Structures are given as C-alpha cells and as structure tokens.
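For the protein sequence lines, the chains are U and C, in the order given. Under the numbering used here, the first sequence has 392 at position 391, and the numbering climbs by one with no breaks. Under the numbering used here, the second sequence has 215 at position 214, and the numbering climbs by one with no breaks.
Calculated directly from the structure, the hints in this document are not laboratory data. The model shown is predicted, which means the values in this text are computed figures rather than measured ones. Keep in mind that a hint or two might mislead.
Identical copies go unnamed one by one, so any copy, or any two together, can satisfy a pair.
What the hints assert, rightly or not - Restricting the straight-line Cα-Cα distance to at most 25 Å, the calculated cross-link-like pairs of lysine to any residue (SDA-like) are: (1) K59 <-> S266; (2) K234 <-> Q320; (3) K158 <-> D195; (4) K385 <-> G108; (5) K181 <-> G163; (6) K270 <-> L184; (7) K110 <-> P214; (8) K59 <-> R47; (9) K366 <-> G108; (10) K385 <-> R222; (11) K366 <-> N99; (12) K343 <-> T383.
There are 2 protein chains.
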Amino acid sequence: MLAEIINIGDELLIGQVVNTNAAWLGEELTATGIAVLRSNMIRDDREQIIQALTEARKRADIIILTGGLGPTKDDITKQTLCDHFESTLVFHPETYGNIVRLLGARGRKVMERNRKQAEIPEACTPIPNEHGTAPGMWFENNGKIIVSLPGVPYELKPMITGYVIPRLSERFDLHRIYQKTVLTQGMGESSIADAISEWESALPGNISLAYLPQPGIVRLRITAVGDDRENLKTQVERQILKLHSFIPNIIFGYNHDTLEEVVGSLLNKNGATVSTAESCTGGYIAHLLTSIPGSSDYFAGSVVAYANRIKASELGVSQHTLRSEGAVSEATVREMARGIKKRFNTAYAIAVSGIAGPTGSTPDKPVGTTWIAIAGPGQIRTRKFLFGEHRMRNIRKAALTSLQMLRWELAG
Amino acid sequence: MLAEIINIGDELLIGQVVNTNAAWLGEELTATGIAVLRSNMIRDDREQIIQALTEARKRADIIILTGGLGPTKDDITKQTLCDHFESTLVFHPETYGNIVRLLGARGRKVMERNRKQAEIPEACTPIPNEHGTAPGMWFENNGKIIVSLPGVPYELKPMITGYVIPRLSERFDLHRIYQKTVLTQGMGESSIADAISEWESALPGNISLAYLPQPGIVRLRITAVGDDRENLKTQVERQILKLHSFIPNIIFGYNHDTLEEVVGSLLNKNGATVSTAESCTGGYIAHLLTSIPGSSDYFAGSVVAYANRIKASELGVSQHTLRSEGAVSEATVREMARGIKKRFNTAYAIAVSGIAGPTGSTPDKPVGTTWIAIAGPGQIRTRKFLFGEHRMRNIRKAALTSLQMLRWELAG
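Modelling step: build the complete structure from the supplied sequences, incorporating the hints.
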C-alpha cells in the first residue's frame, strides 16, 4: 500500500513556512503500515495541482493533498478537484451547520465566503473539520483514494487520525507494523547509545531502533515488522522491559507523553501541589505545567523573578546572598525554592536560576550555567548544569530537566 | 527562471526528519529572483531519482537535488546521476585533498569509502564542500542546470550561498522579485479580507497578495515581480502605506518581527518597565517577553496566579470581587493589573484572566472567555474577548492580544 503526499501552498515553496505536515503525515502513515513513496510541495495553481495528482495516481494507491481550502481567493483546491473529477459543487447543510457553530463560538459573523465553504463536490464524501471552516474531501476513483485536507496542522491532524487513517486501516490489509517510542530526559544521544549498546546489538532482526534527539529529550523509536500485530506488540514490550535495566532513571514516558503530563499525573496521584520560582526560564516551566488541562488541581502558581530585586522582595532571597554568591548560585536557588514553597503553600516547588545567554556570562559562569532546586516535604535538592550556548534551547533544557528532577522526587 | 528541488532521503518520507532544506532553499532562491515551482521529497532509490529528475527537467531550468551523497551504501545519488548523464567516475585530486584535510582536522582516518567520494562524474564540475567529505556536482545538459548537493544543512548552505547562487546570478538575467510580509494581530483572515478588498482589487498586475494565517496573527505576504528590484521595492512600500489606512491599528511589524520584540523595543525606547499577572495564560506572556535577549532591561517579572487564593494573597484581588464577580471578570483583571504594577513597581502591567478550556465554562462564560487589562502610567484599560475552544490556541491568542494592547498603549 503506497501513498503519495501533495502539499499545496506557495508559502511552502518560497520558504515562508517549513513543511511540518509532510513529516507528521509520513510518521503517521508509516506507523499504520502505509509506505509513503513521495511527498511533493506545489504551487496554489490549478495546472500544478492537476499535473501532480495525475502523476501521483500512476505511482500510489492513496494520495493525500493538503492546503488551498481556505475562504480567500488563493484557495483553489476544491474547484480544481471538482473539475478534475468532473463533478459539481453542492451545498452540504451539515457542513454549513459546523461552520456556523464554529464561527459562533468565536463570536464571528458568517460571511458569504464561509457559506461557500459548505459547497462540496458531489463526487466526494466530506470529511468533518472540528477546528476550522473548511471540510476535507474523500474521493474514490479507479481504485485510488484521493483525500484533500486543510493545510493548517491543528485542523489536519485530527482529520487524519480521527477519520482518514481509521478508514484506510479498515479498507486495506496492511503489513503489520508495531511502533513504540521510549522518551528519555537527562542523557545525550551518544551517552545513551553507549549505555544501551549491548541491548541494541541483541535486538532481533525484525526490530529496529532509531534515535530521535531534540533539545533536552532523546526519543528512542522502536519498530517491529511482521505479520501479527499482537505478537509484535508483545515482542516490543519485552524489549522495552529489558531496556529499562540499562537506563533506569531517564525514561519518563512513551509515544506522545510529555514530562509536564507525567509530572501532573504524579502530583494528582499523590494529592500534592507545586509552585515555581523562575528566573532564566522566564515563566516557561509554569507554561508547560499549565498547558495540561486540569493542572489547576495541582499547580498553584509562580513568581517569575526576572529582576534580582524581585527575587529579594517576592521570594525572600537575602541581599547578602545576591551580593556575595550572585543570582546564579546554589544559595540563591535554594532560597528561591524555600521562598515560593512557603509563600504559595505548596507541597513541592521548583526554582531555577541561570544564564540563558547570549550575554550575561562571567569568567566562572559561562552561558548555560544553571542551578535548579527542587523543594519537597522533607528537603531541598539542588544541582548545577551547563546546558549550552543557545538561549531558547537553554530555557527548554532547564525547564525539562527541572520537571525530570521533580518526577524523581515524586516517584521516590 | 524556474527551479525545482528534489530532496532525496527515506528519513524525510517516514517523518524522522522535518524537511527544513526545502524551506531554506525556497527562501534563498526566491530572494535571488529564481522562482521555485515545485519541491519533491523522494526515496533513496535509483528509479525514483531518475523519474523525478526526468519530470523536473520538463518543468524547470534549474534543478537542485539534495541528499544521498554520504559515504555509506545507501548513498546512491552520484552513481545514478553519473549513469543518467552517460558519464564515468574519475578521481579528482583537489577534492581528495579537501577530504584528507577535513578528516585530519577531526582526527579521523581516511577510509576507502572516503577516497571513493573523490571520484566525480567526468561530465560535471565538482562543487567544493568546506564542511563535509562529499563534494557537490554541477551538471549542464540541454540548456538545464542540475546541481547535486549534500543533504546536511550546514554543508548545503555555504555551497548554495557561496557557489551555486553567485554562478546562477551571473549566468541568468533574472526577473527581480521583491517581497515583504505585513504582520497583523487583532482581526481574523476573513474580516481582514473584507476590510482591505478595495485595496486588494486595486493592486497592479505585477503585485500579488497571499494570506498566511496562524492562531492570533495573520500575515499578509506581498510579492512584486519585474525587472528592477529597487523599483519593485518602492512600489511595494507605496502599497503598504496605502494598506495602513485600511487596517490602521492591527499592523505591528514586518517579515520576521515578533510582537514580543516590537513591544520590547518600544519599552526600551520609552525607558519603561513591565510586569505581568497571569492566570489562564499560565506564564506564557512572561515566556514570550523573556525569549528576547536583553529583556531584563524592561521586564521585571510576573506572578502566575493560577489558584484564586494566589490572586488574593499575591495581587490583592479582593475576596468580595472573587466571590461576587468571579475570577474571570473585569473587576478581577483590573485588580490583578493594579496589584502587580504596584508590587513590582513597573510603569506598565498586563493582567489576563480567562477560561482556556476545555473545562471550566459556565452558562454565561463559555470556554475562551478572557478578560485582559493593561495598566499604564495614567489608567487601566480592560477588554473582554471570546477566543475559541482550543486550550493552547486560547493561551496563544490571549498572550498575543495582550501584547498588541500593550503596544497600543505604548505607541499612544
């Protein structure tokens, strides 16, 4: 079962937008057992769309087009496909109802251009869009399946996972693939590779490992191929159990888990609360924690003490400590943690103080120097890190490291 | 002058790696006046390479292939192109010297596979690679230029900017393109389209407009084509001046500007400081402000008052207000703004309180209901919004809206 992807959008070709859809679609389809033969980025142009579609139909069984479905005049995919399949546009009341509901929830008027978005080629089945006004389209023609979806990632993704992939899975007898990604925080790719080399060498022939590093997190993607999905799943789970003994502390979750989710669940389980006192991370840890729905159950709040005077006035860090040891020190971060824990009356607290960069370094404290403190019911643990030279990556690494340290504290 | 890009690599198609090369190449070529017609991602497969190249040659004058030039057996591009152009591989001493030098600097031995990388198809001119062992290849055939380069971005980029583009610029009388993107915050794509339809219709034939929406921001990309870049620039600037009169308040910047940067500059210019009191945005506004290097000049800090008791104890929001009007109300957000401004002693303050969702709504306050307050030297301005149903997008929209409101306050 071969698929080809056609991403429509001038913005992709002139480099205004990086094509993340192709990578995401490639990953999702591959995990389902559908091989992606080719991905193409083309112009918002009728001739280009028809040409790309015609070529793709010779090569692939499933063609997924993204883009060009918006309400403005650049968006020509629907009319082009309608003509290509020799169909006519027909008003679809259910789709219109969805458009009205969506715009209403945003307090927006329904414009004529939005009403036109409810007109669908008769030859297709509309694919509902929960997050935008443009429905997707599912065409079947001469044994091929052609799917057209919006290019906006948060509209596209649920339509793929919730509608397209389930139907493709039902329809085709796909080669079985079972994939599970192990998530780690706290060691770099090379160090992990060394630590698990014995495990990796011992993997059976039908199981492969890919290292997918990001700032602060290394994902280990394990893929098994074979005929029986249940059997593959058992095999992979057995390998993961073995993997744990090689890298016991750094694994925090699987697949699409996030540290903030995992920590949130642990806090809920323990009936505990947390607050954060942030300097260089500038509120990013609070942002991660509050990105989880229901976090108000365990997250009380934060003080972002960016200026040193705020560290003193709001968190009780002593002027003596700030003067003698500096803002980026074990003493300061310990006092920040103690201060926020007490003030916000939470069971746990995270405090971070460091030099995100690019400026701010001193001879003994280069850019990337970061102190993290975790205050628990009993004690305050502190640790120093040297993250790197890049500001945003330092912020990200510091935040993820602090959440992992909190996870260790909570897990015991 | 049309170009087509062919990125070779299985890892792109299975979604292991996001294709950033296509976006970067698209931007660089477009700025030079070379229009990218199409970008394709294909497998590391001889047949696929030949097919893609053959198709591209019918459409474009310049074809750029990336990938498949490494020292391992997956890397088949060179042999495939050599055969396609009916050439033979010939050892190139200068290239070999570069390989020896490079590996020596990294303390590596020169392997047989590296020596083979110095064998170049006789039909091409080798393109030197300063950062890797694989040379690029420049072929000319039947009036077309075909360039093959490594897929590793830091190897590819200097070869494009230092070798390929200068030679293409010399060779061709390129149409000039001038592009500028206008950034707006505060109106949706459809509303903007209506507000500027008269301006859009009146655009001269050589100037086009594309709408690039994101949550909270709509980018308007204006492209002019013609013979004289300076002239095009003048034309575009004149159109943008006219555009301002149609949508006077929502334009905050151009091209790669961000609201947090623009606001930071205004604060610096005014010698002013800001603090934030955040509830539903959970520290995200502080995170945006602190993502800018040097923000410690104007950002003092924040209180993330996620729990209502923290709104009371840290920001002085009265229990009476919380009980009678609720946390998501004009009164609460006004008191939050007053509280943080006073406590952190800043010239300006942002306060946000809302229902990010998906839970938390009441009959009169649906998910997305958000109050924003901006406190300035003179007064506190408040405004209510209804953003939408999606938690992360509500957080993003609320943060961007508050920064825009602060910008209005600062700009007068």
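Now for the hints, and whether the structure bears them out:
no.: 1; hint: K59 <-> S266; verdict: neither (49 Å within a copy, 54 Å between copies)
no.: 2; hint: K234 <-> Q320; verdict: neither (57 Å within a copy, 54 Å between copies)
no.: 3; hint: K158 <-> D195; verdict: neither (36 Å within a copy, 29 Å between copies)
no.: 4; hint: K385 <-> G108; verdict: between (49 Å within a copy, 12 Å between copies)
no.: 5; hint: K181 <-> G163; verdict: within (20 Å within a copy, 38 Å between copies)
no.: 6; hint: K270 <-> L184; verdict: within (21 Å within a copy, 44 Å between copies)
no.: 7; hint: K110 <-> P214; verdict: between (44 Å within a copy, 18 Å between copies)
no.: 8; hint: K59 <-> R47; verdict: both (19 Å within a copy, 18 Å between copies)
no.: 9; hint: K366 <-> G108; verdict: between (51 Å within a copy, 13 Å between copies)
no.: 10; hint: K385 <-> R222; verdict: neither (30 Å within a copy, 45 Å between copies)
no.: 11; hint: K366 <-> N99; verdict: between (56 Å within a copy, 21 Å between copies)
no.: 12; hint: K343 <-> T383; verdict: within (17 Å within a copy, 32 Å between copies)
Hint compliance for this structure: hints 1, 2, 3 and 10 are not met, and every other hint is.
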